[in-house]
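Protein chains: 2
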Amino acid sequence: MKEFWSKRIYNQQAYTAGEQPKDKKYIKLNTNENPYPPSPKVKEAIMAALNDLRLYPDPNCTEIIEAVSEVYGVSTEKIFAGNGSDEILAMSFLAFYDPGRPVTFPDITYTFYPVYSELYGLSYNLIPLNEDFTVPVERLFRSPGGVVLANPNAPTGIALKLYDIERIVSENPDFTVIIDEAYVEYETQSAVSLIDKYANLLVVRTSSKSYSLAGLRVGWAIGNENLINALNVVKNSFNSYTLGRPALAGGAAGIRDREYFEMCRKKVIFTRRKTAESMQELGFELTPSSANFLFAEHPKINAETLFHALRERGILVRYFNKPRIGNRLRISVGTDYQMSVMVEQLSDILRHY
Amino acid sequence: MKEFWSKRIYNQQAYTAGEQPKDKKYIKLNTNENPYPPSPKVKEAIMAALNDLRLYPDPNCTEIIEAVSEVYGVSTEKIFAGNGSDEILAMSFLAFYDPGRPVTFPDITYTFYPVYSELYGLSYNLIPLNEDFTVPVERLFRSPGGVVLANPNAPTGIALKLYDIERIVSENPDFTVIIDEAYVEYETQSAVSLIDKYANLLVVRTSSKSYSLAGLRVGWAIGNENLINALNVVKNSFNSYTLGRPALAGGAAGIRDREYFEMCRKKVIFTRRKTAESMQELGFELTPSSANFLFAEHPKINAETLFHALRERGILVRYFNKPRIGNRLRISVGTDYQMSVMVEQLSDILRHY
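Going line by line, the protein sequences match chains A and B.
Every letter in the first sequence is one number past the one before it in the numbering used here, and letter 300, counting from 1, is 300.
Every letter in the second sequence is one number past the one before it in the numbering used here, and letter 327, counting from 1, is 680.
Keep in mind that the hints were calculated from the coordinates and are not lab data.
Just so it is clear, CB atoms sit at the ideal spot from N, CA and C, and this is done for glycine as well.
Please note that a few of the clues may not be correct.
[To be verified] Here are the computed lysine-lysine pairs in the BS3-like style, where the Cα-Cα straight-line distance is at most 30 Å:
{"id": "1", "chain 1": "A", "residue 1": "LYS7", "chain 2": "B", "residue 2": "LYS653"}
{"id": "2", "chain 1": "B", "residue 1": "LYS653", "chain 2": "B", "residue 2": "LYS675"}
{"id": "3", "chain 1": "A", "residue 1": "LYS41", "chain 2": "B", "residue 2": "LYS396"}
[Unchecked claim] Stretch by stretch, here's where chain B covers chain A in the computed footprint (C-beta under 8 Å, at least three residues):
{"id": "4", "segment": "153 to 160"}
{"id": "5", "segment": "205 to 218"}
{"id": "6", "segment": "225 to 232"}
{"id": "7", "segment": "323 to 333"}
{"id": "8", "segment": "337 to 348"}
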């Protein structure tokens with residue numbers, strides 16, 4: 001029954017988030033969380049912020065914006081903060097794209113992009129990735145309405161070089177190009193360096209992965225002031241206070257602790273390489289990942305079987321029941337120990353198959 | 354410059370939230386915050402939740418929904434949680450209302466309602482309040498697209514009786530009627546008791562006022578399962594994780610602490626009455642407020658003058674530069690001490706005028 005539903009949402013297909021089991025028995029490698037806790041400074045900052053919970057938070061999210069400004073060397077007018085990068089993406093689709101002017105994105109990418117489009121009655125052109133899952137760069141030129149691109153892409157983990165990102169931005173001069181850099185910190189060149197050169201470029205970031213703050217909900221966008229103004233209009237027409245006091249204080253503290261950030265980032269990159277090698281030894285084919293996850297296929301055993309076998313052994317990963325990638329597992333990079341358990345279990349599953 | 358902005362937001366007028374001064378020198382009576390801190394259990398619960406910040410929160414907000422279910426005696430399928438009631442209202446306008454079918458609300462009410470409408474391209478019929486700022490109930494019958502009503506209304510503070518709310522709901526059987534109960538806990542009858550009888554009734558609540566949790570961002574809606582499903586479709590097409598771990602844990606703990614809630618609620622009601630009497634003695638005219646604020650006008654001195662004079666004396670209140678209510682101050686109910694300082698200052702201002 002859908003009585004009283006608006007026409008716009010009548011056939012809307014919502015996004016399905018990865019499973020969040022409530023018991024803790026799993027090695028959880030299914031939602032690209034960081035295996036390390038956030039900087040200890042996050043906890044301190046949140047605890048200090050708890051004394052003012054009765055007061056509304058700063059609607060302008062100044063704490064986050066100033067932290068991002070300092071760390072990324074961008075002036076504050078070029079920064080927008082939101083309740084996770086998903087919220088910022090959702091607001092961006094409304095702020096920058098128009099019905100009748102299709103938005104362009106790859107066929108295999110973050111599955112929230114078509115969901116946002118449909119929510120706002122936008123059409124979209126899906127550009128098929130190449131056979132090897134790389135992005136066919138030229139096919140993203142001259143989009144009739146704008147481009148959204150995850151770099152590195154999800155769930156493939158494959159990154160485009162800055163040179164190619166710049167070509168995409170410059171070849172779409174009339175529309176906003178959104179570069180979703182959720183996974184950029186794991187050895188991808190960021191497009192933030194281009195924002196002063198291109199007025200149509202918006203770079204979206206999250207603290208969920210590289211800052212270990214998935215549970216706090218803090219994201220930000222960097223772009224020309226004019227684009228940031230548009231996002232503020234949408235935000236202030238939707239919810240004045242998108243970030244609560246714990247998120248503002250904790251997010252800012254996490255962003256500022258560079259030493260801790262670097263340490264966790266390097267550990268994940270190290271473990272990713274080591275795990276990829278071990279999986280290749282077991283016969284897996286992997287895309288060259290620049291993200292905090294691996295995207296893997298085994299020639300002898302299908303992804304669904306592997307997914308369930310791993311789950312029975314207490315390891316959660318993700319697979320997508322979709323064309324072209326239906327036989328691949330997406331495995332988040334955990335700690336060295338978690339990944340060695342995972343590889344051992346894969347080895348055991350393959351041995352008994 | 355609005356280059357790259359979508360047509361939909363090109364002329365969008367955003368909502369302006371009340372001032373949040375960063376220095377603490379003011380007696381802050383401008384945004385209807387609770388003068389008392391939240392339950393001490395909130396802090397404890399948040400601190401316990403800080404150990405899992407690296408993990409995504411529960412996208413279904415089960416903790417909040419179960420707390421609301423227990424406290425308000427409503428089954429969990431009839432409850433939706435969001436990042437403050439503003440977010441829930443924003444999602445509701447998209448979920449339930451259609452372009453070409455005007456939504457009905459009073460001319461004087463929460464100024465976010467027309468903002469939401471415009472964001473989604475909805476038209477609306479403004480029904481003028483009666484001369485005494487009461488709601489002309491019958492004029493909300495048979496709306497061509499739905500009704501949104503704050504009860505008690507803001508910024509008037511005047512409440513409708515449940516009998517009249519029921520008439521409005523039953524006289525709009527084909528469209529969703531949203532009752533925004535942000536201020537209901539200060540002596541207004543809630544419409545939650547009607548949700549099983551009327552499939553078109555959605556009641557929206559917040560923890561910002563009566564639970565002293567404005568800084569945490571937790572709201573909820575109660576209604577028929579079908580309406581809740583629609584809200585979940587919108588939410589899961591916008592942002593899977595609207596509430597972070599601190600908000601889920603702290604919000605649930607606050608909602609559950611009934612003794613503390615009752616204590617704060619009664620203090621605010623007591624102080625409201627006392628302050629209203631003192632202001633009447635000074636010659637102010639006040640609406641009969643059932644909320645945690647007063648709405649007052651003085652025959653001899655205009656609201657803007659009073660606003661600035663109070664501000665100079667370290668007291669922040671709010672006034673609205675709008676037809677019909679431009680000469681009224683909205684004054685949040687603070688502690689007994691804060692309100693006696695405010696009344697003293699008003700008395701002094703009037704004496705020197």
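For each hint, the structure was consulted:
no., hint, result
1, A:LYS7 / B:LYS653, "violated (51 Å)"
2, B:LYS653 / B:LYS675, "holds (19 Å)"
3, A:LYS41 / B:LYS396, "holds (18 Å)"
4, 153 to 160, "violated (count 0)"
5, 205 to 218, "holds (count 7)"
6, 225 to 232, "holds (count 5)"
7, 323 to 333, "violated (count 0)"
8, 337 to 348, "violated (count 0)"
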